[in-house]
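Novice: So you can see what is in the structure, the chains are spelled out below.
There are 2 protein chains.
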Amino acid sequence: MSLFRPDVEALQGYVPGEQPQESGWVKLNTNENPYPPSPRVVSAIQQAAEGRLNVYPDPLGRGFCQAAAELFNLDPDWILPANGSDENLTILVRSFADKNDLIAYPYPSYILYETLSEIQGTRHARLRLEPDWSWNIKINRPLIEQAKLLFVPNPNSPSGNHWDREVIQSIVPPNGVLVHDEAYGDFVDEPHKLELLHSEVGKQIVVTRTFSKSYSLAGLRFGFCVAHPDLIAGMRKVKDSYNCNTLGLAAAEAAIRDQAWMLENRAKILATRTRLSESLKSLGFDPVPSQANFVWTTHPTISHREIYEQLKGRKILVRYMNFPNAAPESTTNRTGAVDGLRITVGTDKQVDAFLEALSEIVAAG
Amino acid sequence: MSLFRPDVEALQGYVPGEQPQESGWVKLNTNENPYPPSPRVVSAIQQAAEGRLNVYPDPLGRGFCQAAAELFNLDPDWILPANGSDENLTILVRSFADKNDLIAYPYPSYILYETLSEIQGTRHARLRLEPDWSWNIKINRPLIEQAKLLFVPNPNSPSGNHWDREVIQSIVPPNGVLVHDEAYGDFVDEPHKLELLHSEVGKQIVVTRTFSKSYSLAGLRFGFCVAHPDLIAGMRKVKDSYNCNTLGLAAAEAAIRDQAWMLENRAKILATRTRLSESLKSLGFDPVPSQANFVWTTHPTISHREIYEQLKGRKILVRYMNFPNAAPESTTNRTGAVDGLRITVGTDKQVDAFLEALSEIVAAG
Chain A
1 MSLFRPDVEA
11 LQGYVPGEQP
21 QESGWVKLNT
31 NENPYPPSPR
41 VVSAIQQAAE
51 GRLNVYPDPL
61 GRGFCQAAAE
71 LFNLDPDWIL
81 PANGSDENLT
91 ILVRSFADKN
101 DLIAYPYPSY
111 ILYETLSEIQ
121 GTRHARLRLE
131 PDWSWNIKIN
141 RPLIEQAKLL
151 FVPNPNSPSG
161 NHWDREVIQS
171 IVPPNGVLVH
181 DEAYGDFVDE
191 PHKLELLHSE
201 VGKQIVVTRT
211 FSKSYSLAGL
221 RFGFCVAHPD
231 LIAGMRKVKD
241 SYNCNTLGLA
251 AAEAAIRDQA
261 WMLENRAKIL
271 ATRTRLSESL
281 KSLGFDPVPS
291 QANFVWTTHP
301 TISHREIYEQ
311 LKGRKILVRY
321 MNFPNAAPES
331 TTNRTGAVDG
341 LRITVGTDKQ
351 VDAFLEALSE
361 IVAAG
Chain B
1 MSLFRPDVEA
11 LQGYVPGEQP
21 QESGWVKLNT
31 NENPYPPSPR
41 VVSAIQQAAE
51 GRLNVYPDPL
61 GRGFCQAAAE
71 LFNLDPDWIL
81 PANGSDENLT
91 ILVRSFADKN
101 DLIAYPYPSY
111 ILYETLSEIQ
121 GTRHARLRLE
131 PDWSWNIKIN
141 RPLIEQAKLL
151 FVPNPNSPSG
161 NHWDREVIQS
171 IVPPNGVLVH
181 DEAYGDFVDE
191 PHKLELLHSE
201 VGKQIVVTRT
211 FSKSYSLAGL
221 RFGFCVAHPD
231 LIAGMRKVKD
241 SYNCNTLGLA
251 AAEAAIRDQA
261 WMLENRAKIL
271 ATRTRLSESL
281 KSLGFDPVPS
291 QANFVWTTHP
301 TISHREIYEQ
311 LKGRKILVRY
321 MNFPNAAPES
331 TTNRTGAVDG
341 LRITVGTDKQ
351 VDAFLEALSE
361 IVAAG
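The listed protein sequences correspond, in order, to chains A and B. Position one of the first sequence corresponds to residue 1 (the UniProt record's numbering), numbered consecutively onward. Position one of the second sequence corresponds to residue 1 (the UniProt record's numbering), numbered consecutively onward.
You may find that some hints are simply not true.
Claimed, not checked - Quick list of the computed label-pair ranges, beta carbon to beta carbon: (1) 111/B / 131/A: 50 to 56 Å; (2) 259/B / 16/A: 51 to 57 Å; (3) 13/A / 360/B: 43 to 49 Å; (4) 15/A / 303/B: 52 to 58 Å; (5) 283/A / 260/B: 54 to 60 Å.
If you're looking for bench data, these hints aren't it; they were derived computationally from the structure. Please read all numbers here as calculations on a predicted model, not as lab measurements. We put the CB at the ideal spot given by N, CA and C, even for glycine.
All chains should be built: construct the whole structure from the sequences, respecting the hints.
Specialist: See the structure below:
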């Protein structure tokens with residue numbers, strides 16, 4: 001007899017990308033930033049480590065909230081810091097979705113939305129995207145109208161495309177919350193400035209952000225939500241009192257106050273992204289135009305899994321992803337899988353190593 | 001119309017102890033350790049800060065698990081690290097307790113157990129303790145037998161008393177999990193060595209531990225569970241993939257490997273605890289003999305809230321706690337409240353300042 005909840009017993013569990021702990025890998029599989037965080041972040045951590053680690057952190061993380069609020073020209077009560085953006089998503093599910101509520105998300109997208117729905121034991125639905133990664137709003141409308149929570153990663157993963165603000169505003173559930181997951185938001189050519197929150201449907205939108213990508217701090221586990229204070233106040237009741245630690249709060253505050261450092265790394269990544277996409281095309285691949293720090297690509301003839309394995313044999317890790325039943329509602333092929341390779345934009349040197357290996361594999365294949 | 005789950009809408013929310021961010025307070029209200037963490041911990045953090053914060057941590061925290069397993073002479077798959085012991089408790093509730101399941105806990109004890117039950121929307125029940133803080137197992141048996149999760153903080157808070165192993169083994173729910181919350185376990189005169197886990201009912205017990213108290217790392221947010229690998233494996237599916245950050249993992253590993261530092265601070269706290277208890281008695285108070293790093297006390301005539309306020313006026317913070325409906329099942333006075341003061345064992349200097357203020361207040365009252 002299992003003591004676990006049936007929902008947990010049935011759960012496969014989310015499998016994160018491989019994280020080899022030994023060195024020597026070209027790691028282009030989990031969308032980490034290849035550049036180090038701001039030296040001011042490192043100083044802030046070192047100073048906090050010599051401070052008062054024996055006492056609890058500020059439960060509301062007010063120093064960080066103030067810094068984030070200044071960046072967005074909002075009051076601090078619009079900000080909720082969390083132990084990584086994943087914790088933001090967990091808090092959202094536990095705040096808004098009961099057993100009989102529907103959680104919806106585009107498909108293919110970030111598979112964790114589905115796992116979190118399964119853990120919570122809610123109803124959940126995949127909103128199939130078109131082959132060009134656009135929304136077919138008409139077909140998905142009935143599920144959108146039922147949704148209590150609609151998670152929309154924008155830019156989307158694995159595809160890296162970005163949906164316009166008009167699209168997002170048109171899919172806010174009438175009786176629910178749209179979570180605009182901006183994990184990759186800083187890599188968009190023209191990052192938005194939270195205009196969504198100031199729109200007519202703004203009180204039903206929660207924006208989530210992370211320090212893992214653009215701020216080079218995946219190891220820190222720090223993310224935050226931006227939303228109307230009424231939403232933030234309710235979510236605060238659900239979070240653990242001290243969900244953010246003293247070091248993380250100090251580091252994140254230093255990071256968000258050093259926009260110049262982040263933007264310089266962003267510029268390098270955007271330049272490398274263009275080069276990576278062009279090179280993929282010249283090797284016969286079909287990359288999706290990316291607005292993120294990764295590129296999703298397919299090849300018309302060579303097996304994607306085979307390419308992944310061959311790269312791994314050369315100690316180059318990219319992400320092979322396979323999404324079963326991903327053919328959109330609008331097509332007749334409802335059982336078709338979508339698979340491909342998601343390649344993180346690394347340093348120029350890492351991308352060169354990847355491209356060199358890839359051209360050998362393509363030549364042999 | 002509220003978009004929140006009705007359970008969340010109804011929630012008061014857990015209110016943690018006051019955390020004044022400015023200096024100048026004698027802070028004896030949230031059971032922090034007054035001594036700094038091991039210098040090896042500070043070094044480990046500073047080294048990790050200069051390392052690879054741009055990449056994700058090991059999702060399983062294997063370095064830490066290995067160190068904890070060595071301390072307890074177990075295999076590493078008995079260990080689950082978490083973002084503070086509060087996250088352990090959240091993971092436990094989400095793993096084991098469904099809407100119709102019963103979560104039980106002694107009362108008065110750590111009020112967060114009730115808050116977490118309310119967030120999850122489960123049934124929950126208080127098991128009233130006797131006036132001397134002992135269990136009336138006979139009267140509580142029907143609820144214990146129904147419980148899916150039984151949280152037992154041992155030593156208990158706010159009382160600081162410790163229940164024998166025989167008592168704990170006799171209250172393991174026949175079809176559920178007993179969580180032996182050892183937040184204060186290192187302060188017991190004879191700390192147990194996880195004998196509970198090796199008992200006949202060991203597969204239904206989860207031990208939780210924290211670095212916030214004995215290891216002087218409340219600011220770090222780091223705790224862990226120890227339990228049979230079958231239980232740990234299921235709980236891993238529920239936790240966020242990267243729930244522990246790179247800095248916390250490095251710090252906790254260094255802390256658990258420096259037992260001498262922790263034990264030296266523990267010895268100081270135990271000596272001060274004895275002195276604090278004796279002084280309270282000589283001022284006319286009735287302190288409960290403590291096995292934790294705090295002392296719970298009442299006074300036969302002076303208002304506890306009044307003492308708290310007067311101390312606060314002198315910038316000395318202790319915890320005033322009031323538990324309504326705390327009179328035990330075995331008494332006729334079912335609506336009686338229990339209130340009193342919970343005083344953290346600080347440094348000798350802090351305790352002297354507290355005792356001096358207290359003797360003035362008693363003399364005036």
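Novice: Of the numbered hints stated earlier in the document, which are not met by this structure?
Specialist: Hint check: 2 and 3 fail, others pass.
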